[in-house]
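J.: First to last, the sequence lines map onto chains X and V. Residues 301 to 634 in our numbering are what the first sequence lists, from first letter to last. Residues 33 to 185 in our numbering are what the second sequence lists, from first letter to last.
Among the hints, a few may not be true.
[Said to hold, decoys possible] Only pairs whose alpha carbons sit at most 25 Å apart, straight line, appear in this in silico SDA-like list of lysine to any residue: (1) X/303 - X/319; (2) X/482 - V/56; (3) X/460 - V/40; (4) X/528 - V/45; (5) X/482 - V/151; (6) X/526 - V/41; (7) X/482 - V/132; (8) X/482 - V/60; (9) X/482 - V/38; (10) X/528 - V/151; (11) X/573 - V/131; (12) X/525 - V/38; (13) X/526 - V/40; (14) X/460 - V/39; (15) X/573 - V/156; (16) X/482 - V/105; (17) X/528 - V/112; (18) X/482 - V/165; (19) X/528 - V/42; (20) X/626 - V/45; (21) V/161 - X/477.
In case anyone wonders, no lab produced these hints; they're calculated from the structure.
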Amino acid sequence: MEKQQIISFIKEQILSGKISNSDLIGITNNGGGEINSTEESKVPNNNSRNLTNIFYVIGVAIAIIGVIILIAQNWDEIGFAGRILVTLGIGLVTYITALLIKGSEHRVLSQSMFTISAILSPMGIFVLLNEYNINIDININIILSIGLAIVYGFALYMSKRNILSIFTIAFSTWAYYAFIAKIFDIGYLYGTDIIKWATMLIGLAYILIAYGYYSNNDIPDKADKKEKVAIKNILYSLGTIAILGAGISVGGFFDIIFIAIIFAAFYASIFLKNSSMIIIAGIFLISHILKLTSKYFLDSIGWPIALIISGFIVMGVGYLTYYINKRFIKETSL
Amino acid sequence: MKKENITLIIGIALPIIFIIIISLVIYLPSLSINPKYDFIYSINDNNYYYIKDENDKEIKKTYYLYDIENNTSHKIESVDIEKYSLDPGPSSPDGYTVSYGYDNNGIFEIFGSNSNRNGYYISKGNARKRLGGLNPNQQYYYNGSFELIGWIK
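Let the hints inform the model, and build the full structure from the sequences given.
T.: And the structure:
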């Protein structure tokens with residue numbers, strides 16, 4: 301049998317499902333020895349790995365809650381050194397440790413460490429600034445957020461841990477809003493128009509980043525791929541909520557344009573094959589219809605008729621969302 | 033370059049470009065504002081209630097000198113005003129005016145204004161600059177409480 305024939309034969313067997321990629325890897329690893337394809341031998345291994353990962357995640361949650369309670373209950377007793385040690389100290393140690401754990405078998409552990417670090421480090425910096433009576437104004441916000449974005453962006457570049465993309469994006473978003481607040485000389489809490497437009501734009505940026513970064517990777521590692529898909533979905537959802545949430549609150553003439561944006565979200569959900577995006581778009585379409593009905597048609601048709609019409613439209617949108625999701629997203633993504 | 037890479041670059045660049053554009057839109061016009069003359073103004077600190085003296089005639093006001101170079105206000109006594117040679121205005125000798133305004137910023141004007149940036153501005157033509165020294169506690173200043181006494185020549 302020629303080499304090409306052998307390859308074609310193997311391809312056929314893979315496509316028919318008789319052998320898997322892991323069987324091939326097993327053959328090459330064992331140097332042509334016995335095929336390590338018994339599912340039974342893998343299941344306990346995977347189960348123990350999953351159990352370990354769950355313990356890591358629970359550990360992260362417990363550690364963070366523990367630190368917060370420790371600081372809150374013993375703020376005065378532990379003193380300045382203690383406060384810095386449990387926040388910035390642990391943040392720094394976990395950051396360095398996570399960077400040093402490079403092997404793929406420590407993926408969850410290193411990401412757990414990075415999570416602890418990303419939560420405790422900003423807390424530690426605020427504690428430090430508070431100790432030195434430094435007013436946390438908008439300039440401090442800008443410096444802090446950019447600094448943290450660079451630190452965690454560097455860790456992302458070095459370690460390629462997926463969780464770091466979330467932290468880098470989060471700190472960059474903080475920097476983005478701090479810059480806008482600085483330029484317009486406004487507080488974060490003011491519901492000004494510029495914040496709404498800025499939020500819509502950052503939402504669009506999230507969607508583009510998610511599409512760009514998480515669609516172009518040939519990812520051989522299943523666990524890595526799973527994480528990337530999860531982060532992609534988080535960014536798609538946050539982006540859609542940001543665009544539609546800020547857009548619905550603009551009002552005026554934009555109410556008309558907003559309808560087109562909602563339908564663009566429906567189209568994007570099909571294009572990107574993303575169920576969460578279509579569900580969010582459906583919720584916002586229903587909200588917008590109710591808003592427009594109460595704003596423009598309530599006086600002319602009255603409450604009862606408005607409720608009946610709105611009820612039917614809501615049912616229609618609900619079914620449309622379900623249909624599009626089933627027909628164009630779930631089926632095609634199989 | 034792959035399509036995905038382009039979207040990634042656009043996604044990262046979009047917020048940065050947005051910040052650069054709004055910075056330019058806000059800061060560029062104010063760069064052409066370069067007034068030279070300080071001015072004296074009065075503020076009715078008690079807003080709606082005029083303070084009268086013991087003769088029940090004179091309305092007491094608080095007077096300030098606005099240092100245009102440093103963007104600061106300094107309280108002065110009414111007797112000190114006579115020491116200065118004043119141009120009553122309302123425009124300064126170099127053509128600037130001070131007025132209460134709303135913060136409609138360039139391209140965002142069509143989308144509404146930013147109410148917490150309302151305050152006093154110095155302007156010439158279409159360009160204007162917020163008078164930082166006149167708006168430290170905006171809530172106490174409202175349109176109408178400000179009165180320009182004159183530009184110091």
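J.: Holds or violated: residue 528 of chain X and residue 42 of chain V, Cα atoms, limit 25 Å.
T.: Given that 25 Å is the threshold and the Cα spacing comes to 20 Å, the pair holds.
J.: For the pair supplied as a hint, residue 460 of chain X and residue 40 of chain V, is the alpha-carbon distance within the 25 Å limit?
T.: holds (16 Å)
J.: For the pair supplied as a hint, residue 526 of chain X and residue 41 of chain V, confirm whether the alpha-carbon distance does not exceed 25 Å.
T.: holds (23 Å)
J.: Can the restraint linking residue 573 of chain X and residue 131 of chain V be considered satisfied, given a maximum Cα separation of 25 Å?
T.: violated (54 Å)
J.: Under the criterion that the straight-line Cα-Cα distance not exceed 25 Å, is the pair residue 161 of chain V, residue 477 of chain X satisfied?
T.: Status holds; Cα separation ~23 Å.
J.: Hey, residue 573 of chain X versus residue 156 of chain V, does the alpha-carbon distance stay inside 25 Å?
T.: Violated: residue 573 of chain X and residue 156 of chain V sit about 54 Å apart, past 25 Å.
J.: Between residue 528 of chain X and residue 45 of chain V, is the straight-line Cα distance small enough, at 25 Å or below?
T.: holds (21 Å)
J.: Keeping to a limit of 25 Å between CA atoms, is the pair of residue 482 of chain X and residue 132 of chain V held or broken?
T.: Roughly 22 Å between the alpha carbons, so the hint for residue 482 of chain X and residue 132 of chain V holds.
J.: Run the distance test for residue 525 of chain X versus residue 38 of chain V: straight-line Cα separation, threshold 25 Å.
T.: holds (21 Å)
J.: Does the alpha-carbon distance linking residue 482 of chain X and residue 56 of chain V stay inside the 25 Å limit?
T.: holds (13 Å)
J.: For the pair we were handed, residue 626 of chain X and residue 45 of chain V, check the Cα-Cα distance against 25 Å.
T.: Violated: residue 626 of chain X and residue 45 of chain V sit about 35 Å apart, past 25 Å.
J.: When you check the alpha-carbon spacing of residue 526 of chain X and residue 40 of chain V, does it fall within 25 Å?
T.: Roughly 20 Å between the alpha carbons, so the hint for residue 526 of chain X and residue 40 of chain V holds.
Violated hints, listed in ascending order, are 9, 10, 11, 15, 17, 20; each of the other numbered hints is respected by the structure.
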